[in-house]
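Visitor: So the chains spell out like this:
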Amino acid sequence: MAENKEIRLKIRRQDGPDKPSRWEEFTIEYHPKMNVISCLMEIQKNPVTADGKKTTAVVWECNCLEEVCGACSMNINGQARQACSALIDQLEQPIVLAPLTKFPLIRDLMVDRQIMFDNLKKVHAWIPIDGTYSLGPGPRMAEVKRQWAYELSKCMTCGCCMEACPQVNSRSKFIGPAAISQVRLFNAHPTGEMNKHERLAALLDDGGITDCGNAQNCVRACPKNIPLTTSIADLNRETNKFALNRWLRK
Amino acid sequence: MSTVQSQSPYHFLIRRVHSLLGLLPIGVFLTFHLLLNLTARSGPAAYDRVIETMRHFPGIIIVELVVIFIPITLHAVYGAWVVYTGQSNVLRYGYARNWFYILQRISGIYTVIFILVHVSALRFGEANFASLQHFVANPWGLAFYALGIVLAVFHFMNGLWAFAITWGLTIGPRSQKIWAYVCGVLFVVMSVVGLADLSAFLR
Ligand code: HEM
Ligand code: SF4
Ligand code: SF4
Ligand code: FES
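Those sequence lines, one after another, are chains A and B.
The first sequence maps to residues 11 to 260 in the numbering used here.
The second sequence maps to residues 2 to 204 in the numbering used here.
Treat each hint with caution, since some may be false.
With a cut-off of at most 30 Å between alpha-carbon atoms, the simulated DSSO-like pairs for lysine-lysine come out as follows [as the list claims (entries may be wrong)]: (1) A:Lys164 x A:Lys234; (2) B:Lys178 x A:Lys164; (3) A:Lys131 x A:Lys183; (4) A:Lys234 x A:Lys260; (5) A:Lys20 x A:Lys64; (6) A:Lys20 x A:Lys63; (7) B:Lys178 x A:Lys20; (8) A:Lys63 x B:Lys178; (9) A:Lys132 x A:Lys164; (10) B:Lys178 x A:Lys55; (11) A:Lys260 x B:Lys178; (12) A:Lys183 x A:Lys132; (13) A:Lys251 x A:Lys155; (14) A:Lys20 x A:Lys132; (15) A:Lys29 x A:Lys63.
Please keep in mind that the hints were generated in silico from the structure rather than gathered at the bench.
Whenever a hint applies, use it, and build me the whole structure from the sequences.
Guide: Encoded structure:
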C-alpha cells in the first residue's frame, strides 16, 4: 500500500467560542490500524501543518476509546461519528475533521454537550428510588421487554442524532431524539413506570415530541443502532393517550 | 400529583390540531375537489352548470369558511412557522426520508402560493370554464397549475405518511415502510386524477 504511506487530514480550527475559524492541513506518517484519535495524538506530539508552519496542538475530547462514552463525537468527512472508532483504513483522504455544529464550541473539535444532559433532566430520565426507608426489591421485568429495553439503554449521549436532525437547531427548542428515546426506556422499567406521567408530561412541552419532523436521519446516524424512530412513534401514541386522558379527567 | 409544570400547555395541542387539520378537513376537501372537477371532462357547459349550482347553494360561504378557508389558513400559518424552525441538511445526509422532509416543506410553501393565485382568480374572479382555459393556454400557466396539483397531492400523501406516525398508528420501521408504499400509490392515483382534471381545460 505505497500510496498509504502518509495520512492527510484537514481540520477545522478555532481557538475559542468567539474566535475566527480556519482550516489547517496536516500530513502524518501512516501506521497500520490507526484511527482518528491516534492521528490527533500524532499531531499533538508535533503540531506542524502540512506546509511546515508551527501551530498549536488540536484540542479534542475522548475517554473510553471504545465507542461507549460518546465524548469524541465530531464530524468526520461530513458525518457525525466517534473519532475513536473511525478507522483510517476505511476513510477517504484527506480526512476532514470538524466540530459538531449543534452544540456550543469550546475549542477546535471540542464542544459542550451539556444541553443533552439538561434535556435528560427535563424528561426525568431516571428512576426515583430515594426514600427514608428501604423500599424493598422492585417488580420483576419480563425478559422479552428487557431485551428491547436493553437496546435503548446503550445510548451514550454522544450527540450524533442531534447533529443529524434537521429539527435541532438554533431556531428550535427541540430536545432531540435521544432524550425522547430515554423516556421510552425508563417508562418500560417496572419501577420507572410508576413515574411515567411525569416523563410523558415533559414530552408535551414546547420542544418536546411534537417538534420531530419525521426526517428519520437520527436512526441512521446513531452509532448504537438505537431504534429512535420507533421510540418516537411509540411515544407519539403514548403522549396522545396521556394528554387526552388527562384532559378528559380535568 | 405531577411535579412537572408544563410551561406551554398548548404546544402539544396546537401541533396535534395542525396535523389533524391536514387530513380533516383539508385533505378530504382536496380529494373531493379533484374528483368533482372530473366533470370538466364532460365539457364547458356541464362544468359551468356544476359551478353555478355550487355557488347558489344556500350558506355556501359558511361551508367554505369552515371547511376550507379557516382550516387552510391555520394549517398554512402554523406550517410556515414549522418550516422556519427547521434547518435542512440534505447535502450532508442525503437519505430519501430527509429529502421527503424538505420536499414536504417546499410543497407546503408552493401550495400556499398556488392556492392564493388559484382562489383569487377563480373564486373571487370570474369562475368559469373559459377563464381557467385561458390561464392554462399559456405554457407557464399550465406548468404553474400542473406543479400546483402534483405538489399539493405530494404534500397531502407525504403528510398522510407522517400523520400515521404523529398519531402512533405506524410504530415500527416495517409498518412505516408499507404505509409509505400505500401513500406512494395514492400519490400516483390522485396526481393522475388531478392532471386529468387539468387536461380537460386544454382545448
Ligand atoms: C393542499 C392543502 C394541504 C394539505 C392537504 C395538507 C396536509 C398535511 C398533512 C396531512 C400533514 C401531516 C401532518 C402530520 O405530520 O401529522 C401536513 C403537514 C405539514 N403541512 Fe400541510 N397540508 C396542506 C397545505 C399546507 C400549507 C399551505 C402549508 C404551508 C407551508 C403546509 C405546511 C405543512 C408542514 C410544514 C407540515 C409538516 C408538519 C410537521 O412536520 O409537523 N401545509 N400537511
Ligand atoms: S425523525 Fe425526528 S428526531 Fe429523528 S432526525 Fe428526523 S426530525 Fe429529528
Ligand atoms: S441515541 Fe444514539 S446517536 Fe443519539 S446520543 Fe444516543 S447513542 Fe448517540
Ligand atoms: S472516546 Fe469514548 S466514544 Fe470515543
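Visitor: Confirm or reject each hint.
Guide: Hints, one by one, checked against the model:
no. : hint                : result
1   : A:Lys164 x A:Lys234 : holds, 7 Å
2   : B:Lys178 x A:Lys164 : holds, 25 Å
3   : A:Lys131 x A:Lys183 : holds, 15 Å
4   : A:Lys234 x A:Lys260 : violated, 41 Å
5   : A:Lys20 x A:Lys64   : holds, 15 Å
6   : A:Lys20 x A:Lys63   : holds, 14 Å
7   : B:Lys178 x A:Lys20  : violated, 39 Å
8   : A:Lys63 x B:Lys178  : violated, 53 Å
9   : A:Lys132 x A:Lys164 : holds, 20 Å
10  : B:Lys178 x A:Lys55  : violated, 50 Å
11  : A:Lys260 x B:Lys178 : violated, 38 Å
12  : A:Lys183 x A:Lys132 : holds, 12 Å
13  : A:Lys251 x A:Lys155 : holds, 21 Å
14  : A:Lys20 x A:Lys132  : violated, 37 Å
15  : A:Lys29 x A:Lys63   : holds, 20 Å
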